[in-house]
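2 protein chains.
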Amino acid sequence: MATLRDVAREAGVSVATASRAINGLGNVTAPTKAAVMAAVKKLNFVPHSGARSLTRKKTDTVGVILPDLFGEFFSEIIRGIDLVAHESGMHLLLGNMHGSTHETAAAIAAMRGRVDGLLVMPPDLKPELLADYLDPALPTVLLNYDAGSLDLPFVAVDNYRGAYAMTEALLAGGARQVVHIAGPKHNRDARDRQRGFVDAMNRVAGIRNPAILPGDFSEESGAKAASLLVQGQLPADAVFAANDQMAVGLIAGLAKAGKSVPGDVMVAGFDDIPLARHLNPSLSTMQVKIDQLGSTAMMMLLRILRGETLGSASATILTPALIARGTTGGARATAAQPMTANS
Amino acid sequence: MATLRDVAREAGVSVATASRAINGLGNVTAPTKAAVMAAVKKLNFVPHSGARSLTRKKTDTVGVILPDLFGEFFSEIIRGIDLVAHESGMHLLLGNMHGSTHETAAAIAAMRGRVDGLLVMPPDLKPELLADYLDPALPTVLLNYDAGSLDLPFVAVDNYRGAYAMTEALLAGGARQVVHIAGPKHNRDARDRQRGFVDAMNRVAGIRNPAILPGDFSEESGAKAASLLVQGQLPADAVFAANDQMAVGLIAGLAKAGKSVPGDVMVAGFDDIPLARHLNPSLSTMQVKIDQLGSTAMMMLLRILRGETLGSASATILTPALIARGTTGGARATAAQPMTANS
DNA sequence: TTCGCCCATGTAACCGGTTACGCTGTGAAC
DNA sequence: GTTCACAGCGTAACCGGTTACATGGGCGAA
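Chains as they are written, first to last, in this note's numbering: chain C, 1 to 343; chain V, 1 to 343.
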């Protein structure tokens, strides 16, 4: 691979001149510049980004550290980030923390010298630990995580208000005995959604200890909740799952037990995964614009990189939108799946 | 941020010794090593990966250049790659070519000096162009692309045989007038699938010019095909869409026109997106294990990085599996969505 | 004609690590 | 008591760029 010195030698100039010519800085005559460019072409020279970033102290790259997320959520968030990053000529270095705390530290450490800033989503990490890992000198924006005391900017989804709104809607739709299927215990999103549910039940319907079934965001745990509901004779006229995946499993489980949705029991989810509108009946849910989460965070990071100082005060909270569909008796059959004339 | 020299000074040793101690190389006494490590801890030293890779000529990073892919396909392929990369301590640098040829060149060029190898998926790029862009010295594995003359290793899906098999299955299932909805004209996958369809129709059923409707892999184009079918009075007892997305749109469109699936017409797709099994009736399709595409490619790249020489001869071809479900009259209602007792 | 200024270009230091090589001192072998 | 091998450590070159500063030539002003 040709280096800058090769180019300089070929063009009969010094490395400094070659560098200036290539980077379009001033103080280079047209003919010299042409000679350098000819050499570049001839030798197929491509600047070595690693070396360049060493002196410039800029890598034009942002590190993205996500938990072990699969599926739509993962790809949407990346897409949102990439959309903005690409416009600013930034690259994305992916780091996956694969669950363990130790890996998180490693992932963050590995970023030093490779990135100009960090986008981190540590759903179940304690703020103190995070503070240890993060380099205070490295601009960082948190995804869906309010680190409170750390004073780091973040973008988050208002899970509490979303859950509150959905619970309210279920109650308004005539439900009295609403059961919640919770997400993983240590997961912040899950906890906030549960809080929203509990508060709404209390304030809107005056119910103090609403029924809550355990879950872990997986389809299977939704199905498990269905059998608990049916076998346990738990009275319920509506079930609000903490995410769509569980709602899907729940619906399948209820159907197996002969329960009709929304006839016997209404069902609602959270997230609005693409599958939601294709189910039959289609799934009512809270729509979270995941790509916006990514793009907003990236825009904040760019602002910091441009010199602005952003703290947790400049956080952005995205409010999810209520999408009423078939499983709560909303729109029964939408254009997308009128395949079946069902019960 | 502390540098190695800071650590060396703090520990009272030379940079060389500090470096050796930190990297666990030999020739360092236990006490010296301890002193260095203490300094590391005290100064919060984290090695600057950029500088390190400059001398080592190794970045422990692979560049992944994908087209503008959204959704499941994107995340699955990344997941497959990451799974293998992570095991080998490799990082992923994402490059998106966002459609244009020019961007592809830029994306590849930007990788120089940042990565040890490249994973590229250039679905609609001419091999000659690709050759111009790629650095022959940089180990490269192509995703879902046979560059033929270029002698680059690649991992691909056998779209031809997949389409052939599905067409065969439709015919075996009693269909006579099978219509194909094609993908984008310039897309290789789409072309191969179309070829498989045409050949199967010819060889198995003796039909020379089977009906083919245009499409572009989008749900909308599937819906459009549905109205063409219905309005155009095109006789069809089965429709084979070049991908699942179009099949989904097609099914919705057919339903709107009052056609029942699979009663009036069977439908088949390609890819086995997660949605496929949740439709009602569930969608018959060719299952492509997208994550395998990524992980296999990454494994090949690792072999090259370890010194092996791999050419196009060592390509891996993944054969999709036929999944017969409801839309071809296979399994009518599966456990996942027996919500409806439909026509 | 001479002075001074500015522009084009070259020299070399530097970014933060790694590592070839050289130096020193110790213990074993003679 | 030498000699020699080798372990432990330091010096400095190097990776491939960028850029502060030095240099020299051309040109306008006096």
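The reader is advised that the hints may include incorrect statements.
[To be verified] Some chain C residues well away from chain V (every beta-carbon gap over 12 Å; in silico):
#: 1; residue: E10
#: 2; residue: A35
#: 3; residue: H48
#: 4; residue: T61
#: 5; residue: V64
#: 6; residue: A85
#: 7; residue: A110
#: 8; residue: R112
#: 9; residue: R114
#: 10; residue: P127
#: 11; residue: L129
#: 12; residue: L228
#: 13; residue: P274
[Claimed, not checked] Computed list of lysine-lysine pairs in DSS-like fashion (alpha-carbon distance at most 27 Å, straight line):
#: 14; chain 1: C; residue 1: K58; chain 2: V; residue 2: K224
#: 15; chain 1: V; residue 1: K289; chain 2: V; residue 2: K256
#: 16; chain 1: C; residue 1: K57; chain 2: V; residue 2: K256
#: 17; chain 1: C; residue 1: K41; chain 2: V; residue 2: K57
#: 18; chain 1: V; residue 1: K259; chain 2: C; residue 2: K57
#: 19; chain 1: C; residue 1: K58; chain 2: V; residue 2: K57
#: 20; chain 1: C; residue 1: K256; chain 2: C; residue 2: K224
#: 21; chain 1: V; residue 1: K41; chain 2: C; residue 2: K58
Derived from the structure by calculation, the hints contain no laboratory data. Using N, Cα and C, we set each Cβ at its ideal position, and we do this for glycine too.
For each hint, the structure was consulted:
Consistency note on E10/C: stated as away from chain V, and its beta-carbon is indeed over 12 Å from all of that chain's, at 18 Å minimum. Separation of A35/C from chain V is adequate, the least Cβ-Cβ distance of about 21 Å exceeding the 12 Å criterion. With a minimum CB-CB distance of about 4 Å to chain V, H48/C fails to clear the 12 Å threshold, and the non-interface call is violated. At the 12 Å boundary, the C-beta of T61/C falls inside the reach of chain V, the nearest C-beta of that chain being 7 Å off.
With 12 Å as the threshold on Cβ separation, the claim that V64/C sits away from chain V is violated: the shortest Cβ distance comes to roughly 8 Å. A beta-carbon of chain V is positioned within 12 Å of the beta-carbon of A85/C; the least distance is around 9 Å. For A110/C, the shortest C-beta to C-beta distance to chain V comes to about 6 Å, within the 12 Å cut-off, and the non-interface label is violated. Not every C-beta of chain V lies more than 12 Å from that of R112/C, the closest at about 5 Å, which undercuts listing it as non-interface.
Against the 12 Å criterion, R114/C falls within the reach of chain V, whose nearest CB is about 5 Å from its own CB. With a cut of 12 Å on Cβ distances, P127/C stays outside the contact zone with chain V, its closest approach being about 18 Å. With 12 Å as the threshold on Cβ separation, the claim that L129/C sits away from chain V holds: the shortest Cβ distance comes to roughly 15 Å. No beta-carbon of chain V comes within 12 Å of the beta-carbon of L228/C; the shortest separation is about 18 Å.
Listed as outside the interface, P274/C is inconsistent with that label: its C-beta sits roughly 7 Å from the nearest C-beta of chain V, within the 12 Å cut-off. About 49 Å separates the Cα atoms of K58/C and K224/V, which puts this hinted pair outside 27 Å; it is violated. For a cut-off of 27 Å, the pair hint linking K289/V to K256/V is broken: about 32 Å separates their Cα positions. About 59 Å separates the Cα atoms of K57/C and K256/V, which puts this hinted pair outside 27 Å; it is violated.
As the CA atoms of K41/C and K57/V are separated by approximately 24 Å, the hinted pair is consistent with the 27 Å bound. For the suggested pair K259/V and K57/C, the alpha carbons sit about 63 Å apart, so the restraint of at most 27 Å is broken. A distance of roughly 19 Å separates the Cα atoms of K58/C and K57/V; the hinted pair therefore holds under the 27 Å criterion. The hinted pair formed by K256/C and K224/C meets the criterion: a straight-line CA distance of about 12 Å does not exceed 27 Å.
Distance restraint check for K41/V and K58/C: the Cα-Cα separation of roughly 26 Å lies within the 27 Å cut-off, and the hinted pair is therefore satisfied.
Hint compliance for this structure: hints 3, 4, 5, 6, 7, 8, 9, 13, 14, 15, 16 and 18 are not met, and every other hint is.
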